[in-house]
Every structure is written in structure tokens, then in C-alpha cells.
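**Q** Chains as they are written, first to last, in numbering that gives the first Met the number 0: chain A, 0 to 374; chain B, 0 to 488.
Worth flagging that the hints you see were computed from the coordinates, not collected in a lab. These numbers come from a predicted model, not from an experiment. Each hint can be trusted.
Computed footprint of chain B on chain A, listed as stretches where at least three residues anywhere in the stretch have a Cβ under 8 Å from a Cβ of chain B:
| # | region |
| --- | --- |
| 1 | 174 to 188 |
| 2 | 232 to 245 |
Taking lysine-lysine pairs in the DSBU-like style, the calculated list, with each CA pair at most 30 Å apart, reads:
| # | chain 1 | residue 1 | chain 2 | residue 2 |
| --- | --- | --- | --- | --- |
| 3 | B | K2 | A | K211 |
| 4 | A | K84 | A | K323 |
| 5 | A | K64 | A | K45 |
| 6 | A | K323 | A | K281 |
| 7 | B | K111 | B | K388 |
| 8 | A | K290 | B | K2 |
| 9 | A | K323 | A | K44 |
| 10 | A | K175 | A | K187 |
| 11 | A | K211 | A | K130 |
| 12 | A | K172 | A | K211 |
| 13 | A | K175 | B | K388 |
| 14 | A | K176 | B | K388 |
Short derived list, chain B residues pointing at chain A, Cβ under 7 Å:
| # | residue |
| --- | --- |
| 15 | L15 |
| 16 | D16 |
| 17 | Q242 |
All C-beta atoms in this analysis are idealised placements derived from N, C-alpha and C, irrespective of residue type, glycine included.
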Amino acid sequence: MESSTTVLDLDSAIQQARERLDAHTVEMVAWHFHESTGCPFWLEKKREFGFDPLTQIRGFDDLRKLPPFEDEWLRGGPVRRWVPKGLSGKPVFVFETGGTTGIPKSRVVIDDHRIDYELFSETLPETYFPKGANWLMLGPSGPRRLRLAVEHLCQHRGGICFCVDLDPRWVIKLIKKGWMEHLEAYKKHVIEQAVTILTAGHAIQCMFATPKLLESLAIELEDRGTSIPEIGITGIFSGGTEFTPQWTRYAVEELLGGPPEVGGVYMTPTYGNTLMGLACGKPVRAEDAYKIAYYAPQPRAVIEVVDFDDRRSCVGYGATGRVKLTTLTREFFVPGFLERDEGEREPPYERYPWDGIRGVRPFRGVAAQTTVGVY
Amino acid sequence: MLKIPVLRWGDPYTSLDVDRISHFLTGEPIAEVSQANGGIVRRDLRRASRARAILREMPARDLIRRVRAAGRLYEDATLPMGDGSQSPDDFVRQQSASTGLPESMCRANMRKNAFVLENMERILDCLTRGLDPDILSRGYGVESRGVVVSYQAQSPVLGAVLPSNSPGVHTLWLPAIPLQLGLVLKPGPQEPWTPYRLVAAFAEAGIPRDVFCLYPGGPEAGAAVLSSCDRAMIFGGSATVEQYRGDPRVQAHGPGFSKILIGDDLVDRWEEFLDPIVESIYINSGRGCINCSGVWASRHTKAIAAAIAERIGPVEPRPPDDPHAGLAAFTIPGAATAVWSMIEADLKENGVTDMTDRWGSRLVELDRCAYLRPMVVHCESPANAIARKEFMFPFATVVQCPQEEMIARIGPTLVGSAITEDASFLRALGDATHVDRLNVGPIPTTRLNWLQPHEGNLIEFLFRSRAYQVAEDRFAAIQSAVACGCAAT
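Excised from the complex, chain A in its bound form (with noise of 0.2 Å):
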């Protein structure tokens, strides 16, 4: 009986993330096709479209009558033109993806990275991420959303934010010239800065990590003697899709003393972009063989796993597919891109009503050619 109330909560919390989603996506299209809100780029493609977007789209589903968005609509300038005039006068940030070489894509934003992060604030377990604790970002710097993205959530609850110099363009050319041993040199100097912070007293407990730094701070830190949980930390938020079982395992047991009620160090894994946001993860519990799903932040973003061969049509739960991702904020729309990742879809549950995906991984198709976790 109980079971059966549990299902049909489920089904009703279903039903309403879904009615919630279909009314944002509404709410948003009217947005940024109406002459008034909408930015240069969008309102200049509606002619295209040949329909109206405003009347004809009326819920999620009906994004699929608008063409693919394509990344490359990114590159270069002017920037302006994805501002909604709805939003005019309001200070502006533009963040930057890929640019290792050639012109990167850019992404204007007002609010959004505070939006989501304070959003992902609210997962976090007190416990291990206290409120007030300092932060360390070991993380890229310069034109990205993460660095600052990160230092808001920091001062959303109400620590100090210390960061590392971290060119992630130039990692990416150490790997492509085969420069193993600048590149060693570079993770070192970058290291180095983390350990410096970490022992000036700053009494940082909480960090964001890439896995590749995560390990190298741990390694370094163990052979000076001491450890992550040694020096104070208790709480890591990191991404990427290196976080696979096998290395989330090897990280708890291995780097973090074991999982966090023994090891006093809480680690939640996190799937995002500059484009989308951030999606957040169920917790990984040695139990459930450490696997790993996420939710996106909807109906702000949303998450789906599409055909390889039709990216209309998501595949069924548990089979693999190609990330597609939309982005629904009045600073930013995204009806449906195809991410380089592939996973498998996940179905909802009481936490996030919505689908999900676990397994994320680059996607096969352009797998060889992707560097993936270069710093």
C-alpha cells in the first residue's frame, strides 16, 4: 500500500514537473521571440522559422519544430546580439568555451551562473560543506564561467573564495605537441599554488577540483606527509566526464580516506557547461556500485537522451544514447543541442522528477578526436 502511495507520488510529481516545464518553455519563447524581449540573434532567425514560434509553440515538445541549434552560431561577434532587449542596461559577463585555437564560442550572461549555483547550494549537505567555511577553486581561471560561478557559490554562503592561475588553452597545447613534460611541469606549478593556499592558515574546508587535480593535490599532499581530510577538507564539488564509478570509487577509497562517515571528506560529482549549467548529481553510495547520475537544474535546463541517429526521439530508460541538452533562462536559450557526450538514460525519482542520465562519457563519434580532463 505504502509502495503504491509512493509510486503514484512519484507519478504526480512527474506529472507536475512536466506541466511546470511545458508552462516555462511557453513562458520562455515568449520571451525571446517577442519584439520587446528578445535578443538580435533569435528575433533574426524567427524569420526563418516560417511560423511563429509564439503561437505555435506551446509546451517542451514543440522545440523540436525549431531547427538544431548549432554551436557555432557562438563564434565571434558581436556578442550583443544574444542580449535580450528585455534585459538592456544590465551589466554583462560573456564567458568563453574551447579557444585553444581559432575564435572560441562565447556566452553572454547577467545572472545565471549566480542562479544555478546558488540553486546547486541547496544540495549540498551542511554537514560537510558549512556554511561560512572558505573555499579553495582548483579549477581554470580567465574567461570562464566556472571560476566565477564557483566564488559566487563561496560568498552565496558566506566564505572567502581563494583561486589558482590555470590556463586551461595552454594545457590543451602542451597535450597536442606531445609536451609531457611541461605539461607535468604545469600541473606541478598549479599544485604548487593549491598547497601554498591550503597552508597558510586559511582554514579552507570546502573546494572545487577537477578529478586530474583532485588526484595530483592528493598525491602531493601525501607525500608531504598529510592528506585531504588532514588538511582540513570536507567537502569537493567536481566534474567532468572522467567521473566514472572506477575513478569516483578510487577517489573515495584511495585519495579521500573512505567514504565520507569514515573518511570525513563528502565528494558529489556535478555534469555541466558553460551553455547549460550544471546538472546535479544523486549522491554516489558505495553501495550502488558508485554510480553516478544527473539531473538538470529544470526547468532551467534541461537534460535528454536522444538516438544517435535521431535526435528527436529520446531512446528508452537505460539505453544509451547522445546528451541533448536545452537551455530555457530569460538570459540565454538553447532549444536542443547535441552535446559530445553520451550516456544512458535515467529515469526520474522523488528528488528530481525528471529524466536523467548516468554514465556520461565522450560521445563515440568524436571521442578520438576530443581531449577530455586536461587540467
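Assemble the complex: chain A is given as a structure, and chain B must be docked to it using the hints.
**A** The following block gives chain B in isolation, referenced to the frame of chain A:
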């Protein structure tokens, strides 16, 4: 189905990432192999010095004796393999099933590895030019002529990123254990069998398990082995060799471009040398870097090519358990087709003739694998692009080239068999630094004398000869310490 764990200093570790190995013809699953992530390798290798310390506790001669015993166990005993066990026949069947090599070749390679283990004492004696093994162990000693010598190990372990397609290459890393260096191996994805079985044999022979690491895994695990070991070898293609050129920490083994050169003095008697030429091209399905990929002569080249083609052109694929099977399958989807496309493109060049086409198509495609039948191509000039190619099947070009131009045009040559008695030609070949192993006479390129170094002397790779000067009053102490087998301080 066998479950094969990662070995971390002898301790089995079952990974959440597994790779399933299947039979190349039937698709039947054979084994589930745990995959190591790079972090595990890097982390474990921080304790590498312990492996050498453990092995140095055992006298070198005792290790050599145990290695000899391991050779017999490897060849004859039923040994632990993952969560099960493996007889010699199981080994042969499993290796054949996952690599596409005929069982007869698996057996031959097994014999080769066992031979090296059983003859380790002589092999080390030759590689070290008669050095007392205790000198390598202790790091210094006194030679019989009364001179202090010192050899310093450059790494506590030898790492190796191993291939899937050539089980014979394992002979190269086998001397590490009697040299008291731990072993850190990344097996080839289709060929975990040889490294796991050899380690099982070593352990059964009393060599401590905690000096061995076996890290099956993806490219990340291989890169971690190379970056974490101060001395490591890798087997790969030309790009791999190029990537590690000049890196003293890495010995890269790639294509051999081995050749047979027939001098003007003997070329009119070419028919007498046909047997070693055919053996050099065909044996082991042409997969080794020591297989001949080019026969060079100034005349009769078309006749030579036709005669080789007559011998190997008709060979067809046979089932892997057929004792007469001579061809290995290409088990990676699309690999044989890709190779064939490259060859087809090269065949369009003027002056290039496929001498084997009268025996039918070379590419044989089956449901789950493909074969390339033996191929002989005649080149009117060394300038033909295909004259510089090597492929993973019995393939050779016969190249027409004046003797006086040969050395300048053959390019890098791992094994060069010179069929000539011309003293000046032999002298020039002896001086040619792009020829690694030189065979003088009609010796098949594939016949290795194990008492000779291969692609560089392993001892020179692993140890550095250095000065070790002692004050006169210490010299006598060292001499007596060496005599009684204890270390002088």
C-alpha cells in the same frame, strides 16, 4: 568465463570497469578483465622502490634458478588464472581465441618465452659481457682484473606497455626479475594471457608476488605506466616510436622494416636462398618486427618475387586449431580492410606489380574477422612508396636497386640479413647505423640469437655504468666484502 583482476603489487583488485574478451570467430565470451584507471597506477608506483628492495633480498643466482623453474611451470603446469586455473592447452586456446593467432603459433611463442626463461643465466651472461650478477645487485664490485666497477640501476622497476598482436615480444622484459627490478606491465587488450601466466609462473617458482603489477586498461593506464616508471618499454606503430624518440626513460619498439639484401656477388644464385627468404616473410604470419618486409637486389628481382609468390601466394586461411594454419586473423573490425585500401592505393603507382594476384583476392572477410593472404609486390625502384611499407601479415616487396645505392636507400632496418661475401659491402653494412641487427649470410631475419642484444642492450637501458672511486684503504675492504658476499660500507 574467467574473471581476471588487476594486480597491484601482487594483490588482486577487481575494478568496476571491465573489458570483455570474446572469441574472434564465434563471439563467445572468454574472460572479463578488470581495467585499471591511471590514478591507481600512479599511486601504486609511488611504492616502486619496495619491489627492488624485496628482490635484492634474494641472491641474483637464486632468482635466476627460480626463473628457470618458472619457465618450466609456464610451459607445462596448470597455473592460477584470475578466478580459475589454466592448463598449457587452455592458454594456447585462449590466446588463439582472443588474438586470432593460430594455435600452432601460440605454442611456438610459448616455447620461445620458456626458452628464454630456462636460459636466463646464459642470456644475462652475454648481455652483461660476463659481469658477475652480484655486481648489478650490489651496485659495485671488483672485476677479475682488479678494477672497481659500478652499475647503478636507473629505476627500481621496469614498466612495459605490451601489444596484443605479438606474444613473442614478452621475451624482452623477462630478464627484469633476475636483474632484481620489479615488473609493471600493461597487457595488450586482447592478450592478457602471456603476462598473467608468466607472473603466475614466477610466483609459483617462489618469486614474491609483491614485485609484480599488472594493469590491464585503456590508453590512460598505458600513459600512467610510462610516466610513472623511470624505465619502460612500449610497443606500437611508427607514431609511437617517433613520440618517444630521444626519451631516455622509454624504449619504444615499433615496426622493424627488416630486410634481406642480396649482394651482386651472389644474386645470380638467388634460388639457393629462397627458403630463408620465404621463412623470413611468412613465419609467425608476418606479424613480427623481425619479419622481412623487403628483399633488395640489383637484378633478377622479378624472378625472385615470382618464386616467393609461388610459395606463399596460394596460402589460405585455415581454422585456428588446424596445425597447418599459417595466417593470423585481423580481429579488430575494419583493420584488414583499411590495410588493404592502403595497399591498393600503392599498387596504382608505375613500376609496382602485385605478384600474388593470380592466386585470388588477398582480402578475405568473415563475419567477425578478416584475413589478408600473403602478398609479394615487385618494385622497379626504391622510390616506389610501397617499398617503404610494412604490414601485419606476410607481406614483402622485392625491390630492384643497384648495390652501391642500397645502404643509402633501405631506410631504418631492425634486422638486415646480408647475403653476400663482398667484403667492402659487408664493411659498409657494418658501419650503417640504421641497421640494428646484422646477419651475415642467408640467415632468416626471424632467427634471433638470444645471446645477442635486441633493439639496444637491456642492461644499458636499465643500468648506468659509472665511476666508483675508493680510497686505497677502502679497496681491500671492498675486495674482501665482495669475496664473502657481504656489502662493504
